[in-house]
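Under the working numbering, the first sequence has 238 at position 238, and the numbering climbs by one with no breaks.
The hints are simulated quantities; they were obtained by calculation from the structure and are not laboratory data. Mixed in with the good hints, there may be bad ones.
[What the hints assert, rightly or not] Computed list of lysine to any residue pairs in SDA-like fashion (alpha-carbon distance at most 25 angstroms, straight line):
hint : residue 1 : residue 2
1    : Lys73     : Trp193
2    : Lys264    : Gly245
3    : Lys73     : Val260
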Amino acid sequence: MLRLHDTATGEVALLRFRDPGRVSIYVCGLTVDGQAHLGHGRMALVFDVLRRYLLFTGLDVNYVSNITDIEDKIIDGAAAAGVPIDQFTAANEARWWELIDTLGVLRPDETPHATAYVDRMVALVSDLMARGVAYETADGVYLSVLDVPGYGLLAHQPLDSLRTGARVEADEDKRSPLDFVLWKKAKPGEPTWESPWGPGRPGWHTECVVMSLDLLGDGFDLHGGGLDLIFPHHENERAQAVADGREFARHWMHNGWVTVEGEKMSKSVGNFTTLDDLLDRSDARSYRLLVLRSHYRRPIEVTPDTVRDAEAGLARLDELGRRFGLGDLLTSGPVVDPGPADAEIDAEAVTRFRDRMDDDLDTPGALGSVFDLVRQANGAADAGDQAGANRKAQTAALLCAALGLPLRAGSGDEEDPAVQAKVLERDEARAAGDWARADALRAELEDAGWLVEDGPEGTRIRRQ
RNA sequence: GGCGGCGUGGCCGAGUGGUUUAGGCAGGGGCCUGCAAAGCCCCGUACGGCGGUUCGAUUCCGCCCGCCGCCUCCA
1 MLRLHDTATG EVALLRFRDP GRVSIYVCGL TVDGQAHLGH GRMALVFDVL RRYLLFTGLD
61 VNYVSNITDI EDKIIDGAAA AGVPIDQFTA ANEARWWELI DTLGVLRPDE TPHATAYVDR
121 MVALVSDLMA RGVAYETADG VYLSVLDVPG YGLLAHQPLD SLRTGARVEA DEDKRSPLDF
181 VLWKKAKPGE PTWESPWGPG RPGWHTECVV MSLDLLGDGF DLHGGGLDLI FPHHENERAQ
241 AVADGREFAR HWMHNGWVTV EGEKMSKSVG NFTTLDDLLD RSDARSYRLL VLRSHYRRPI
301 EVTPDTVRDA EAGLARLDEL GRRFGLGDLL TSGPVVDPGP ADAEIDAEAV TRFRDRMDDD
361 LDTPGALGSV FDLVRQANGA ADAGDQAGAN RKAQTAALLC AALGLPLRAG SGDEEDPAVQ
421 AKVLERDEAR AAGDWARADA LRAELEDAGW LVEDGPEGTR IRRQ
């Protein structure tokens, strides 16, 4: 049973499901206002690993993650690019899904878009007005947060602190500086929707309330996102749901930053690396491995050094795939724990893995158990215990797949006839004891990007 | 100012009141190899500082130092 840190309580607690055997998850996705960076990638990977692990343990998972396609920066971005807003957001979103696919992240079961839910957002705001917890001002409609029981649950800040910290906005009509906008009245040049308060557009926090409750229902199991969404975004989502008499998320999970030289990566600081940049120069699986190597709540440093380190670890895993011909276990789809009945799998190792994962998704510890298997498999094979070795190797591959990290048995182009000819020629040279010729052929292959390895079965090559 | 997190061996990074070790990368030695590569074995005996609790603390408590984050729209 999975124990997870809950942002609301600050404690690690058993994740309890509303419906037995089924998990409903809502993760705040991307605002499609530009290029996604490493932080967005980490978020996607962290929740992908959670989702895959729940599937691995045999649960049904309903995973919803939204796209925010109307927002201030989107309006500005489209204007700056000189293109219509829908074209701007569509292009950014399309690129995001390509990146998601490259990262091996499973697509959500549902991907609601804010602009498709404006009617229901208007309905929610109207309801909050009717309940007397929201009020209209000259420039919009606001939620009166001091009327919401438990406001500050996620922020873990005294209300006074939030109040004194609140930035003073132009609108002095707000009853409390903490109150936040549910509906923004139209400004010139902005896209608008009709509402009882005149044309305008929804505030940011409202969309996720409406979409999560619509698609997952009251009291859904888990709500997640990046650490920076805790306050105000998630606090304000919860406030609206509670004020509307709805039961909101039962559990809150947030992932930590990607940092650059110790500082949070963010667009405002300008210290971000885009996912495009990273994926251009490294195997996407190495970023997943890098993310898995540290706990999801800790910050991670992404530097050329840490990426290289992850790539070296990945190479060790792939080497296992090659050595044991695990080509049929290269799935990038979800896998399910086969249980102790499967003689090909080391059930005890799977248990060790699951113990680590159940402890608040201790992926570094889980990964340690996988590397233990790698060493055991290689060691057994070296000692001539092929059956035992295969079992360990298969188990390692299974657990890698469970983490969304498919092993590779090769690059696929080893069969190139010209390359194969050189490999054969080298085998002949070696058989004849012509070491000079063999070394020359190795140099040629290496120049072509191959790493040459001689084994009992002859020369083997792989991509460097 | 308020609230919170973190400081582990050359690097990354888990975990734990004490007997055998996380794991990965890098490094040294060995086995294997024509030489390599890959793999395996061995090695470095780490837990910011000062006190306290304890038979015993890296692990609990206090203080200090350092780094980081949040305090209204940033994953």
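Okay, the hints, checked on the actual structure:
For the proposed pair Lys73 and Trp193, the alpha carbon gap of about 18 angstroms is at most 25 angstroms, so the pair holds. Distance hint between Lys264 and Gly245 is unfulfilled; the C-alpha atoms sit about 36 angstroms from each other, more than 25 angstroms. Restraint check: the Cα-Cα separation between Lys73 and Val260 comes to about 24 angstroms, which is no more than 25 angstroms; the hinted pair holds.
Hint 2 from the earlier list is the only one contradicted by this structure; the remaining hints agree with it.
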